[in-house]
Structure formats: structure tokens, C-alpha cells
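Novice: When you get a sec, could you build the whole thing from the sequences and use the hints?
So you can see what is in the structure, the chains are spelled out below.
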Amino acid sequence: MSERLTTDVAIIGGGTAGCAAALALRKRGLSVVLLDKGFCGAGASGVNFGGVRRQGRSFAELPLAARARPLWDRLPELVGEDGEFKATGHVKLARSEADMATLETYAQGAAEHGLDLKLIGPNAVRDAYPWLGPKVVGASLCADDGQANPRLVGPAFARAARRAGADIRELTRVESASFGGETFETVAAGGLRVESRWLINVAGAWAGKVAEWFGDPAPVATLAPNMAVTEPLPFFISRSIGVCGGDVYVRQVDRGNVVFGGGAGWGDIDLDRARPLAPTTETAMAKLIDMIPALKGAMVIRSWSGLDGEMPDHIPVIGPGLHHPRLLHAFGFSGHGFQLGPAVGEVLCELIVDGETSTDIKAFAIARFQ
Amino acid sequence: MSPRGQFVRLAERPGAEIHFTIDGTPATARAGDTVLTAILLNRPSLGASDFTPHDRAGFCLMGACQACWVHDAEGRRRRGCSTLIEPDMALFTKWMPPHG
Amino acid sequence: MVEPRLVVIGAGPAGVRAAATLARAGRPVVLIDENMRIGGQIYRQPPPGAERPPEALYGFEAAKAVSIHRALDGLQDRIDYRPETLVWNARDRVLDLNGPRGTERLVFDRLILATGATDRSIPFPGWTLPGVFSLGGAQIALKAQGCAIGRRVAFVGTGPLLPLVAYQYAKAGAEVVAVLDTSSFLTKLKAAPGLLTLPKLFAKGLYYLAQLKRRGIPIVEGVEGLAVEGATAPQAITWRHGTTGGRIECDAVGAGFGLRSETQLADLLGCAFAFDDLTRQWLPVKDAEGRASERHLYLAGDGAGIAGADAAELAGERVALTLLGDLGSRVDAGRIAMLDRGLARIQRFRRAIEAAFPFPHRFHASIPDTLTICRCEGVTAGDLRRQVDGREASEMNRLKAYSRLGMGRCQGRMCASAGTELLSHWRAAEVGAVGRLRGQAPVKPIPVAESSPGTMA
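Line by line, the protein sequences give chains A, B and C.
Using numbering that gives the first Met the number 0, the first residue of the first sequence is number 0, and each one after it goes up by one.
Using numbering that gives the first Met the number 0, the first residue of the second sequence is number 0, and each one after it goes up by one.
Using numbering that gives the first Met the number 0, the first residue of the third sequence is number 0, and each one after it goes up by one.
If you're looking for bench data, these hints aren't it; they were derived computationally from the structure.
There are no misleading hints in this set.
With a cut-off of at most 30 Å between alpha-carbon atoms, the simulated DSSO-like pairs for lysine-lysine come out as follows:
id, chain 1, residue 1, chain 2, residue 2
1, A, K134, B, K93
2, C, K199, C, K170
3, C, K187, C, K203
4, C, K203, C, K189
5, A, K26, A, K85
6, A, K361, A, K26
7, B, K93, A, K85
8, A, K295, B, K93
9, C, K199, C, K187
Specialist: Here it is, written out as C-alpha cells:
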């Protein structure tokens with residue numbers, strides 16, 4: 000049976016960014032239809048590491064990340080639950096003198112972008128975190144970064160958007176979208192047709208395909224993170240931890256499980272499947288022990304992956320399409336979009352309602368791939 | 000006085016007596032006992048469970064429920080129902096990080 | 000011609016017969032099993048030092064047990080047997096193992112999954128107390144360890160295993176204080192004609208019950224509202240029966256509500272699954288000859304649907320012959336026909352068993368919000384209900400993502416059945432319509448370790 004909907008804004012993709020956009024747009028009075036092939040927040044938004052971090056980002060992302068940071072404190076007010084967000088701080092570790100030099104250079108640049116990082120020397124790092132292994136020679140701390148539960152945040156935005164009046168359709172796979180001169184028409188499996196004045200492409204790993212429908216160049220590669228978690232252990236890893244090079248990262252949740260990741264799993268957007276890979280998990284385990292030797296022997300009880308989109312320059316595409324100013328893209332978060340999601344939603348809303356955004360997103364223009 | 004064991008041995012066991020410790024307390028078992036049997040012949044449980052108010056004592060005894068893990072002095076995890084007790088094993092029911 | 004790499008996972012009756020059949024046909028095969036010795040759960044052999052005569056361990060089934068234990072004798076040169084080895088991950092044609100040699104990768108061309116089954120649980124008040132064990136667990140304590148799970152033991156649940164384990168305990172000298180069956184006498188009576196298709200099995204069931212009665216052990220059929228009392232350990236078990244009820248002091252409980260298939264590896268390997276209305280479980284799809292939906296994979300035994308040890312033996316041999324035929328070997332058509340007849344006969348009996356001892360799914364409707372459903376993560380029924388009411392969870396993997404049900408060490412083995420029943424009850428949806436938990440590696444815990452494994456071709 001075919002169904003037709005007419006709306007101000009159609010959104011393809013129910014990740015955190017899409018749902019946050021739906022929520023923001025409803026608050027400004029626009030009608031919204033959001034379509035997701037599965038369940039909202041169950042894709043890349045729901046399977047990532049859960050890092051809520053500014054440290055280590057490309058400087059181009061820092062204005063957007065800075066805008067996102069206070070939204071995490073306000074989650075209960077915004078979406079009705081805290082998503083288990085905690086400002087535990089984020090520590091980036093140096094495993095060599097060269098790493099330490101990299102951290103120093105980054106800290107100087109970050110300061111110019113308003114992000115204060117604290118460099119920690121070899122003795123101080125061991126005093127502060129005595130559970131770190133001997134290969135660690137120093138660190139950089141962003142005390143106000145944190146972590147959250149990715150399984151909860153995206154769905155919470157989706158429910159908040161629905162409560163605010165957005166028409167959210169799950170298990171509704173978009174098959175095509177086109178521009179008819181005045182409006183966009185989005186067609187989903189099952190015969191649903193959505194006519195909209197605006198169209199937002201937040202389709203994650205599939206966003207490159209959507210962009211292609213409109214002739215926009217989008218070299219989106221598939222990125223499948225490789226994540227695992229241990230049995231619950233007494234809490235001792237007080238910070239979220241990353242390393243120079245990014246090949247392993249780890250955090251411990253309040254309940255005691257140690258979440259870690261690193262390297263790539265396997266994923267295929269045509270099959271809509273992703274899997275962690277045993278060799279990747281085993282490599283991450285070895286690096287984990289190097290970083291935190293006490294974790295040797297802890298039982299890994301689960302591993303997972305998911306599908307994200309990665310751009311060649313590892314920063315996202317955010318902004319209007321090349322040929323259709325009322326087509327907005329926001330994709331290619333390259334494995335680190337979780338922290339940004341709530342702010343991306345606001346920015347997309349501003350672009351539609353106000354015609355401009357107060358956040359500097361110039362670096363994310365799709366024109367860079369022309 | 001040590002608490003009563005949960006398990007009761009019904010069949011005579013000819014094997015050698017094995018001495019081991021649970022959380023530092025000496026205990027004995029017989030060759031052929033699993034770690035789970037060895038502990039539950041001496042104690043009512045395998046210690047606290049992670050998230051329920053009741054202590055755990057294993058449940059399925061066939062490697063499915065994962066409720067009988069303990070660890071040895073080296074931090075190596077041992078599934079109680081599928082590991083045989085060995086002389087001088089030092090078993091612990093609660094893992095603690097080395098740095099407090 | 001390059002010899003195809005054949006692997007059998009599971010050394011219970013199905014896996015042992017499969018491996019032996021392949022080996023006897025001249026095919027080298029790797030047989031991987033988590034246990035220390037072959038036999039599976041049903042014919043589990045005690046560890047060295049705890050051996051007892053087969054008659055003492057297996058009763059009527061001693062001859063069958065011994066036959067399985069000896070089935071690989073003389074075939075050792077063609078069977079690479081890997082005991083105490085967990086297959087923790089599987090993808091395409093690669094298995095990831097964790098065993099005495101640490102982690103290894105094993106490449107295969109064709110694989111027979113004979114992964115067996117475990118007890119199926121229904122949560123009831125007190126089921127997380129130390130001293131409450133699964134029915135199969137209680138049996139293992141006795142058979143493999145010569146121990147009773149307590150001094151005064153109550154057995155509760157349903158299925159053919161219930162009177163058997165109670166009888167074995169009583170015979171071994173344990174004090175059995177009650178046998179509480181959730182299936183009523185009338186239900187069993189209605190199923191009697193079907194049960195008579197295998198008169199020997201039916202007679203054994205009657206024998207166990209008669210022996211329990213002769214010893215004066217209370218047997219109550221059609222019980223409801225089971226609960227174990229006790230703050231830190233079982234003190235008594237209580238139940239309702241019609242308008243009355245009962246209470247008996249005990250310090251241990253064995254509880255089981257039939258069996259559930261171990262299907263995680265089939266899931267990781269991409270096998271198609273279908274919901275089985277009879278047993279209310281999701282099972283990997285297999286054709287009449289034992290092939291899974293993935294053509295290099297084969298299924299046999301209780302891991303592909305509960306049919307019992309006798310059927311597992313037949314199915315193990317049957318599926319090995321299918322595999323041999325698929326490899327182009329000549330196979331004995333008469334033998335295949337005989338195996339198929341045997342399997343069909345048992346299948347008819349199985350239907351009668353399910354009718355006589357139906358999974359009492361109605362019990363889930365009266366589970367209180369305070370009751371722990373997921374033992375690993377301490378998730379209560381109320382926690383689950385909040386995900387359905389507040390977070391709009393409509394499907395099992397969403398329920399898991401929000402509540403942590405099935406996220407713990409056991410990966411939902413103990414709780415997924417109850418979680419699925421509860422979700423379908425609250426959503427007023429068919430139990431087959433609320434999804435099934437996806438398998439995730441490692442299917443059982445593996446240690447964080449330094450070493451990177453090599454690949455064995």
C-alpha cells in the first residue's frame with residue numbers, strides 16, 4: 000500500500016545527528032519526517048566506543064565539538080535522560096618521545112582554539128595513573144572530556160523528537176530520493192513517498208549513495224570499528240584513554256566493564272552487515288595489556304562492530320549540496336562523530352531556519368571533493 | 000568455624016587428597032574434583048555475584064552460565080565447572096586491581 | 000585432489016558419530032570439544048580420578064554411553080581430537096579457537112555443528128540463590144563428581160529429565176524432598192498415545208516415577224507459582240496447586256524447563272534461522288539431510304533442535320553421510336534410509352514429549368517486577384518493563400541494548416528465553432515476532448592475552 004506524506008523537512012537516517020536535527024527543527028516549528036532502515040540510534044551512533052572527546056580532533060572540528068560539549072551536560076533537559084554521560088576526562092598517552100612532542104604541538108594549537116589541555120610528564124603520569132604500563136612516557140589530559148553510553152543517546156534523541164511531533168519511521172529503508180524542481184521526493188520500501196521542501200542526508204555509511212543521487216561527489220569509505228568489552232572488574236580506570244596514533248582506546252564504565260577498541264572490523268553496506276575481526280581484537284588485546292598490564296587475563300565477554308562512513312581527510316561533510324541548496328548533508332564522521340551528533344542537529348536546524356549557522360563549518364563543505 | 004559446604008559427596012573417591020586455598024583459607028579436595036566442586040564442598044558459595052544480591056555458586060555446571068569463574072594467584076581466570084583442582088592452587092573469588 | 004578440511008564441533012553423541020563416520024570413510028577430520036573427554040553432557044565422562052562404573056553413572060543408558068566413548072577407538076590416526084577447546088568465533092571458513100595451546104585459527108572447507116543444548120530456564124523467586132542449580136547441572140554434579148547439590152534437594156520444572164535426575168539422586172543416596180512438575184497429569188495422559196510410539200522410552204519414564212513413589216518422595220504434578228524461600232541460601236520451596244499449595248524445607252533446588260539449543264556458532268556463520276512454534280525457540284534452518292542454509296555447513300544433534308541423545312547419534316551419522324555424498328563419495332543408501340526411519344520415529348515421539356511436558360510459558364506472565372531475569376547483569380523484570388514502556392523497546396536486540404539483558408558473561412544463554420517471553424507478553428505480540436538476540440563473539444569468555452595466533456590450514 001502506498002502512503003504519501005508532505006513535510007517541511009525529510010531526514011534520511013536516524014542516528015544521533017538526524018534525530019537531534021529532527022528535535023531542533025520541531026522546536027522551531029517545522030514539520031519533520033525521519034526515515035531509518037532499522038532502529039534509530041542502532042547504527043554507528045549506537046555501536047561506537049562512547050567517547051565524548053574534543054582532545055585529538057582536527058582543529059577544524061573543534062568549534063563544532065565545543066558547541067557539542069555543553070549539550071552533553073544538558074541531556075536530561077534536552078532528551079529526558081543523561082545517556083550515562085560522565086565528564087571523566089580524556090587522557091591521550093605518549094608511548095615515545097616523538098609521541099610526547101606530538102602531544103605538545105597539539106596542545107599549543109588546541110589552546111589557540113580555546114581547548115585547554117594539561118601535559119603530564121613521565122613521573123607525574125605514573126603518580127596519577129599507577130595502573131599504566133611502563134611503555135607510557137607521558138600524556139595529555141582534557142579534564143572536561145568524558146564518555147557516555149552510545150546505546151542510549153541516539154534512541155533518546157529519537158524519542159524526544161517524536162514527543163516533539165516529528166514523524167519518525169523506523170524499519171523504513173529509503174530506496175531513492177530526487178528533486179522535482181520545487182520539492183524533494185523520497186521513496187521508501189513499502190511504497191512510502193515523502194514530499195519535502197528540505198532534505199537532510201544523515202545516512203551515515205550509506206550517505207555517499209544518497210549524495211550520488213543528487214550528483215554530489217562523496218568519496219565515503221565504509222568504516223567498521225572493532226570494539227570489545229571485558230567482564231565487570233572493580234573500578235580503577237578513572238579516565239577515558241586514547242593513545243597517539245589512535246590504534247587502541249579504552250574506558251571503564253561505572254559498572255566495571257572495560258570497553259576497548261582499535262583497528263578495523265569487517266563491514267559491507269550492501270549486505271548491511273558488520274563484524275569484528277578476531278585478529279583485530281587480538282591485536283587490540285595485546286596493546287591493551289601494554290597500556291594497562293593489570294588487564295591481562297581479564298575475560299572478554301563480547302565484541303561488536305557497525306557501519307560508519309569515512310572521508311579521505313577524516314573530517315565530515317556538513318552543509319548544503321552543490322546543486323540543491325535545500326539539500327543538506329551531514330555524514331562521513333569517520334569514526335568520531337558521537338560527541339558531535341547533538342551539535343550537528345542544531346547546526347542543520349539553523350541552516351534551514353536561519354539560513355546560516357553560528358558555528359564555523361567551512362572546512363566541511365562538500366565542494367572540497369569536487 | 001568454617002561455613003558448611005553446599006555440596007555433599009555421595010560416592011567415595013579413592014583419589015589423592017588435594018590441598019588448596021580459597022581466598023587464603025586452606026581447604027581440601029580429592030583428585031578428580033573440579034574447582035567448583037572443591038570449593039562448594041567447603042563453602043556455601045563462590046562469593047558475591049556482580050549485580051544480584053545473592054552469592055553465586057555456579058548454576059549449569061556445563062560451561063554455559065559462566066557463573067563459576069574464579070581466578071588463581073597469577074590472575075588467570077578459571078571456570079570452576081571445567082577446571083580440575085590441582086595441588087596448592089590458590090583460588091580467589093574476587094579479582095582486585097593491583098593498584099587500589 | 001586436495002583433501003577437504005573437515006571439522007566437527009562438539010563431541011557429544013552427534014559429533015562423535017559424525018566424526019567417526021567421516022573417519023571410517025577415510026576422511027581426516029578435526030573434532031573440537033569444550034569438555035575434557037568425549038560424551039557430551041548426556042554421556043559426560045567423569046574427569047580422571049572421579050571415574051565410576053558405567054552402570055552406576057548411566058543406568059539404563061550405560062551400553063549407549065560406553066559405545067559413544069569407544070566410538071573413536073581405532074580411528075585416532077584420522078581424527079585430530081581437540082578437547083578443552085572453545086570455538087569462540089567463526090566467520091566464513093575460519094574458526095577461532097581457544098584451548099590448551101592458547102588461541103589459534105583453524106581454516107575449514109566443511110563444518111558439522113553438533114553444539115548440543117543446555118537447560119532452559121524460567122526465572123522464579125529465589126532462582127539466583129546459591130544452591131539453586133539447573134537440572135542438568137544437578138545431574139552433572141552427581142554423575143561427573145559423585146556429589147549431591149545439597150542435603151535436602153527439591154527438583155522442579157518439567158520434561159523427561161525431571162523424574163530421571165530425581166531418581167538418580169534418590170538411588171545414589173541423596174535425600175530428595177520433592178519432585179514438582181509444572182506439567183499436569185491430564186496433559187501427560189493426553190500425550191500418552193504419542194509417547195507409546197517408543198514404548199521402551201515411555202516405560203523408562205514410568206519406572207523412574209514408580210521408583211520415586213516407592214521411596215515415598217512427594218511428586219506433585221501441575222504446580223504453579225514456584226518460589227524458593229531464603230535470604231542467602233535456599234530454606235524451602237513453595238508452590239501452588241489448584242486452590243491449595245505446599246511448602247517443603249530444602250537446602251538445594253534443581254530446576255529445568257526442557258532444553259535450549261546452543262546456536263551461537265550457527266548464527267555467527269550466517270545460517271538462516273526460523274522460529275519453531277512447537278518449542279518456542281529460534282533454530283538454524285536445515286534441510287532433510289542436515290545441510291544448513293550455508294552450503295558448506297551441516298547441523299546435527301540437539302544444537303539444531305531438541306531431539307535427544309538417540310536422535311543425535313542417528314543425525315550425526317546421517318549428516319556425515321550427507322557431507323560425504325556432497326564430496327562425491329559413494330554412500331550406502333540403505334544405511335541412509337534406515338537412519339532416516341529412525342529419526343522420523345523419534346521425531347514423532349518428540350512431538351508427544353513436547354505435548355506431555357509443554358514449556359510452561361504462561362509462568363512468565365506472573366513474574367514480579369523485582370525478579371532478576373538476567374543473572375549476569377542483574378537485570379530485573381521491572382528493568383525490562385521500563386525499556387518497553389519508557390524506551391519503546393519492541394525487539395530483543397533493542398531490549399538488550401537498553402537493559403543489558405544478555406550482555407553479560409553468558410550472552411543470554413540463561414535469560415534470552417525468558418526475556419523473549421516477557422517482551423512478547425508485554426507487547427501482546429507473538430513470541431516469534433519480537434526477534435532473537437544476535438550472536439556475538441566470543442560466544443564464551445576468552446582472556447585478554449598478548450599472543451597473536453598463527454593460522455592452521
